Amino acid sequence: MTNHWNDIKNANLVLVMGGNAAEAHPVGFKWVTEAKAHNQAKLVVVDPRFTRTASVADLYAPIRTGSDIAFLGGLIHYLLDTDQIQHEYVRNYTDMPFIVKEGFSFEDGLYNGYDADSRSYPDKSEWDYELDDNGHARVDPTLSHPRCVYQLMKKHYSRYTPELVSQICGTPLKRMMQVWDTIAETAVPGKTMTILYALGWTQHSVGSQMIRAGAMLQLLLGNIGMPGGGVNALRGHSNIQGLTDLGLLSNLLPGYLTLPRDNEQDYNAYIAKRAPQPLRPGQMSYWQNYGKFHVSLMKAWYGDAVSAENNWGYDWLPKLDEPMYDVLKVFDMMYEGKMNGYFCQGFNPIAAFPNKAKISAALSKLKYLVVMDPLTTETSEFWQHVDDYNDVDTTSIQTTVFRLPTTCFAEENGSLVNSSRWLQWHWKGAEPPGEAHPDVFIMGGLFHRLRSMYQKEGGVFPDPILNLDWSYERPDEPTPEEIAREFNGKALVDLKDPVTGEVLLKAGQQLSGFGQLRDDGSTSSGCWLFCGSWTEEGNLMARRDNSDPYNMGQTLGWAWSWPANRRILYNRASADPSGQPWDDERKRLVWWDGSKWTGTDVPDFAARSAPEDNMSPFIMNPEGVARFFARGNMAEGPFPEHYEPFETPIGRNPLHPNSAAVTSNPAARVFRNDMEVFGSAEEFPHAATTYRLTEHFHYWTKHNRLNSIAQPQQFVELGEVMASELGIKAGDRVRVSSNRGFIEAVAVVTKRIRPLQVDGKTVHHVGIPLHWGFVGVAKNGYITNTLTPFVGDGNTNTPEFKSFLVNVEKV
Amino acid sequence: MDMNRREFFKFCGVGLGASSLAALGMTPEPAFADSIRHFKLTASKETRNTCPYCSVGCGLIMYSRGSGGRNVKQDIFHIEGDADHPVNRGSLCPKGAGLIDFIHSPNRLHYPQVREPGSKEWKRVSWNEALDRIARLMKEDRDANFVEKNDAGQTVNRWLTTGFLAASAASSEAGYMTHKVVRSTGILGFDNQARV
Amino acid sequence: MATQDIIARSATTTASPSVRQFDEVAKLIDTTVCIGCKACQVACSEWNDLRDEVGDNVGVYDNPSDLTADSWTVMRFDEHETSEGDLEWLIRKDGCMHCEDPGCLKACPSPGAIVKYDNGIVDFDQDKCIGCGYCVTGCPFDVPRISKKDNKAYKCTLCSDRVSVGLEPACVKTCPTGAIVFGTKDEMKEHANWRIQDLKGRGYENAGIYDPQGVGGTHVMYVLHHADKPQLYSDLPKDPAISPLVGAWKGVAKPLAMLAMAATAAAGFFHYIRIGPNRVSKEDEAAVEHDAAQAGTNSPDAGGTSDER
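Protein chains in written order, with my numbering: chain X, 1 to 811; chain R, 1 to 196; chain W, 1 to 309.
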């Protein structure tokens, strides 16, 4: 979240789109109720289904799954067309005046530079600003230059007329305009809308661009950096935020640092590429500090073994020959027999990944699989034959499977990072059952053994394993406290003020913030973003002061929020260019007091940069402003464009009806054997989408009696019209099939899913909750992801769980 | 004892009625003060925690039996929301409200186990055996398939034949430790639940 | 909880202790804020150490599909299409309403098996329950359920164990959106009025409170978007009243019926000697008259004056 849970109460309008907050995050949704109760806020829900969130909304609009970019693009067009934007905000805080290179173009659904063979844009160099002789971007403050971002954006979305958008989305025109008009009201300075989204935007082949479109909308309305504003990803798991912050992803290192590619053989060039110079005069370009973060990380990991002489252990980091080895890539390799071992730590891929048949076949080709979990997962039992639910030939599966029992939350100390970016410490309340142990015990135990073997026996490239810093009190099981202190970081020598020479920190003392990090090896920090969480003052993540002096919900004394205990990101933008809040009464966040920035939150800005210095609020960007034009950062192009899901119920892209190449995302990666199992609307006529129910959490709570009572058995949701056409009544058993397999479940027949008129066709949605499996206390069911397609978003490769095609029959 | 007539009747009545009802198997009258359940949290131990499910990060109070004394095994028997927590202010959703059944799920794993190739069953093993065998498998695979240089002769130092899927609810400390160990081996097939 | 706090007991007409004075409490369920998440269901079972069977899905979201002896509250979901063609998903937490004039208590033949505390909570004492099921018949909301395990009647206690130590009921504490609130009945009415104002501002002209007078008002109340049509909410009765048979039972037929019940003959005797002709208070007379009137007219307006206390 750019903002945080409590801050939702400051909103004047709450848009829930691409999510179902009441159902998936009921307690966070409390703050929507608060906004409605005490801020007279309205709630607008846009969703294919009339959800539990919609049940308490002021306005609900149906939308066909996968068409959100059309909806948002149309809204952007409408706002620009009717001039309902926050003018002063966009002129000063966004890239609207920036002039784009001449080579940039968009025709027939493709940007310049497309390569059909690789399904990508190998050369994105023209997707950038025109620079002047000083290396600064050219701008046109009048916004009239035909290649300024404002004009390009206006042109791009001029095709998204209300009528066409209504055709693509299936949203009735009148209702759509009601929603747009309601949203447009927040263009007034000081009036804010918050967007709450979750996997309903993420899990599409164009998911990242949906989110970008949402962010662009918020920029147009001046809602980023504002209390009650922002683009708020409601993350799905308790520490998915923390694990992402800590870089547990194929191409990342802690703190959103990135691994090198093969061609980045030169260390200095690697750093320089990630530490861009400002693109406008007087801008901060905070990533210029990249080297400090990187070196401090390598010192935390490798201690004395790294120095300037060995480029801080640069060669010990693996390099990527692919953009990333994401889970789809890895399981495709596994399926092709190219992998031998796999570890699943608190993760159940056979249930959680698309196309179960492929996942199952892939796991069956492994030599060894290690599952660490507090619970019996389907993945650990993938080799068991369980009726039709898991129809496998056990004896033919040659995988050795280890299952290691782990502790659960109640049985260990540690921190979790919630969606608000708060690091919250928790305490152990009981011993684990049997011989269960924490993950750290397992990782420590494995590492310890591995290192001993490399020490004794030698082996291939043992250097990073032998040199990993492991100076923990008990090497077999480091404590959470030790680790937390390590990722905060410490001074390795006495740190002196560069100007006065005064000793700021003595060697060995905990750092108090990432501003103290250095790139000369004198500091260590395992995750620069978390630097400040465990200082010489102690464990700030354990703080429990919930006071809220300004009644803005910031509670700066509760736990610790990254970065720098800041609660709302980009909060400099909550003040106008002169440094005063856009709304001095209800939206006071930060302001310039004449000598420094201060406020109800920790200012996200250079503390002493006066407004007249003209430093812009988006300090992480080298241009200092927020981007409508993504430059080369997105796989599909700088402006979000609507592409159909890979399995589309209408078979064409109404924006480009005559070009099959751009029906679906032209820059999404598709593996050959998966393209073959995409289904067509002729065979599988209905649009399907998968989701969570409020009674369950993923594949965990089916192991809990209380939750199993509340929702005992697998079901699918069908609209009344469709059900009556198919002769299906509530409670009947139905078979839902895609081109990859089938599931059988109880039919819930509902008024809450209505047929939509899309591109001249009637489209029915089928809703498929995901919580069941073949082990658990709840009734056994089929793995929902038996049905879903093995294709991901063009940028993140997050699978397209939210839009695919099925057929439905009564059993 | 100063007893008026009404009280005398009442006294007798209670005595007689109670004995008669008791004779018929009904509960004696004076016991009705015990009829409602006693407040079950009295003298339990409270521990603060965070809900492990979604990302709201609700504060929990876990109530356990036992004083923490050496001779007792602490047993969590009730969980409810932490009213001091700024986000949840004491409330919990149906998942959080049922957390006690996660801790005590019949499907919690208690011992390391291995399923051998082709086998239809689990076999209990010791931690040492499990970790020794896994570490050996890792080393064998890494030594056989580690790529130090690519075809172009560039230093790449990666290990692609073993992958690692990290948790979504493990603590940041467990996550950090996992990352540190996994990257030191050169693994690139490394993701967490955020990917999906 | 001290015994002095009980102000009414089934099959007993002795005067209640009246020295201690407590405010009447109430739980207010705002259906317009409820998201049907079932946290209250789960928290109820968790707090009360109940574990119902893992059932089947019968084609709706409601699970368990009805109240049971092990599920003291359930969410009921109703899909309603407005005249404008818009959809409303009306979700109601069902459970004991804790009537001011509890039909269950009146119907119960076992002394002290059903009690009412002076804070308004109606509680079942399973030790004294004889499993006859009269409370089920007596309840205008169809709430009590007889357990198959022990043949005793069960229902929501309004967490009398929590309330007695100053805590709110478990469902109230857990409710994520604050759709369930708890306080004195007066405070809850005030809260309801504030909510109703907001709802009227959002176009719900008929928003209102549900506090049916036919049972003397209730200690569990609802805010409804359509207070004029409570039956839209999974058949919430518009004018609930205690069955005339129950009124007759208590007012006229009860002494005879009790004597007729062999198993409770002694109880009947006890009842007789305890009352005595000079021990009928004015309150008791009023109660009998009120019951007789109710039996005669079955009018909700004939309810007692107790809710105005």
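The set of hints was computed from the structure by calculation and includes no laboratory data.
These figures come from a predicted structure and were not determined experimentally.
Do not rely on the hints blindly, as some may be mistaken.
Computed spacing ranges between beta-carbons, pair by pair [unchecked claim]:
hint: 1; chain 1: X; residue 1: 273; chain 2: R; residue 2: 106; range: 45 to 55 Å
hint: 2; chain 1: R; residue 1: 72; chain 2: W; residue 2: 239; range: 52 to 62 Å
hint: 3; chain 1: X; residue 1: 809; chain 2: W; residue 2: 23; range: 57 to 67 Å
hint: 4; chain 1: R; residue 1: 124; chain 2: X; residue 2: 659; range: 24 to 34 Å
hint: 5; chain 1: W; residue 1: 66; chain 2: X; residue 2: 550; range: 44 to 54 Å
Derived DMTMM-like pairs: lysine to aspartate or glutamate, alpha-carbon spacing no greater than 20 Å straight-line [what the hints assert, rightly or not]:
hint: 6; chain 1: R; residue 1: 139; chain 2: X; residue 2: 463
hint: 7; chain 1: X; residue 1: 751; chain 2: W; residue 2: 81
hint: 8; chain 1: X; residue 1: 154; chain 2: X; residue 2: 123
hint: 9; chain 1: X; residue 1: 751; chain 2: W; residue 2: 86
hint: 10; chain 1: R; residue 1: 45; chain 2: X; residue 2: 107
hint: 11; chain 1: X; residue 1: 751; chain 2: W; residue 2: 84
hint: 12; chain 1: R; residue 1: 40; chain 2: W; residue 2: 49
hint: 13; chain 1: X; residue 1: 42; chain 2: W; residue 2: 49
hint: 14; chain 1: R; residue 1: 149; chain 2: X; residue 2: 266
hint: 15; chain 1: X; residue 1: 273; chain 2: X; residue 2: 304
hint: 16; chain 1: X; residue 1: 365; chain 2: R; residue 2: 151
hint: 17; chain 1: R; residue 1: 45; chain 2: X; residue 2: 411
hint: 18; chain 1: R; residue 1: 73; chain 2: X; residue 2: 463
hint: 19; chain 1: X; residue 1: 456; chain 2: R; residue 2: 121
hint: 20; chain 1: X; residue 1: 751; chain 2: W; residue 2: 78
hint: 21; chain 1: X; residue 1: 338; chain 2: R; residue 2: 141
hint: 22; chain 1: R; residue 1: 73; chain 2: X; residue 2: 435
hint: 23; chain 1: X; residue 1: 729; chain 2: W; residue 2: 56
hint: 24; chain 1: W; residue 1: 148; chain 2: W; residue 2: 205
hint: 25; chain 1: X; residue 1: 751; chain 2: W; residue 2: 62
hint: 26; chain 1: X; residue 1: 456; chain 2: R; residue 2: 140
hint: 27; chain 1: X; residue 1: 42; chain 2: X; residue 2: 266
hint: 28; chain 1: X; residue 1: 338; chain 2: X; residue 2: 322
hint: 29; chain 1: X; residue 1: 810; chain 2: W; residue 2: 84
hint: 30; chain 1: X; residue 1: 155; chain 2: X; residue 2: 126
hint: 31; chain 1: X; residue 1: 365; chain 2: R; residue 2: 129
hint: 32; chain 1: X; residue 1: 338; chain 2: R; residue 2: 143
hint: 33; chain 1: R; residue 1: 139; chain 2: R; residue 2: 151
hint: 34; chain 1: X; residue 1: 729; chain 2: W; residue 2: 78
Sample of chain X residues with no beta-carbon within 12 Å of chain R, all distances over it, derived [to be verified]:
hint: 35; residue: 143
hint: 36; residue: 284
hint: 37; residue: 458
hint: 38; residue: 484
hint: 39; residue: 683
In this text, a Cβ means the ideal position worked out from N, Cα and C, and glycines have one as well.
Legend entry - 12 Å Cβ clearance of residue 458 of chain X from chain R: 9 Å, violated
Inset, instruction - For the pair we were handed, residue 45 of chain R and residue 411 of chain X, check the Cα-Cα distance against 20 Å. - result: 14 Å, holds
Inset, instruction - Would you mind confirming whether the straight-line C-alpha gap from residue 810 of chain X to residue 84 of chain W stays at or under 20 Å? - result: 32 Å, violated
Legend entry - Restraint status (C-alpha distance of residue 148 of chain W to residue 205 of chain W at most 20 Å): 45 Å, violated
Legend entry - Straight-line alpha-carbon gap residue 729 of chain X to residue 56 of chain W, limit 20 Å: This hinted pair holds, its Cα atoms lying about 16 Å apart.
Legend entry - residue 751 of chain X paired with residue 62 of chain W [C-alpha distance capped at 20 Å]: Status holds; Cα separation ~15 Å.
Inset, instruction - Classify the label on residue 683 of chain X as holds or violated, using whether its beta-carbon is more than 12 Å from each beta-carbon of chain R. - result: Since the minimum Cβ distance to chain R is about 26 Å, residue 683 of chain X lies beyond 12 Å and the statement holds.
Legend entry - 20 Å limit on alpha-carbon distance, applied to hinted pair residue 73 of chain R and residue 463 of chain X: Not satisfied, since the Cα-Cα distance of roughly 44 Å exceeds 20 Å.
Inset, instruction - Would you mind confirming whether the straight-line C-alpha gap from residue 273 of chain X to residue 304 of chain X stays at or under 20 Å? - result: 26 Å, violated
Legend entry - Minimum Cβ distance from residue 284 of chain X to chain R greater than 12 Å, as the annotation requires: 28 Å, holds
Legend entry - Restraint status (C-alpha distance of residue 751 of chain X to residue 84 of chain W at most 20 Å): Given that 20 Å is the threshold and the Cα spacing comes to 15 Å, the pair holds.
Inset, instruction - With a cut-off of 20 Å on the C-alpha distance, tell me whether residue 338 of chain X and residue 322 of chain X pass. - result: Holds - the C-alpha atoms of residue 322 of chain X and residue 338 of chain X are around 15 Å apart, at most 20 Å.
Hint check: violations occur at hints 4, 8, 10, 13, 15, 16, 18, 19, 24, 27, 29, 31, 33, 37, 38; the rest are consistent with the structure.
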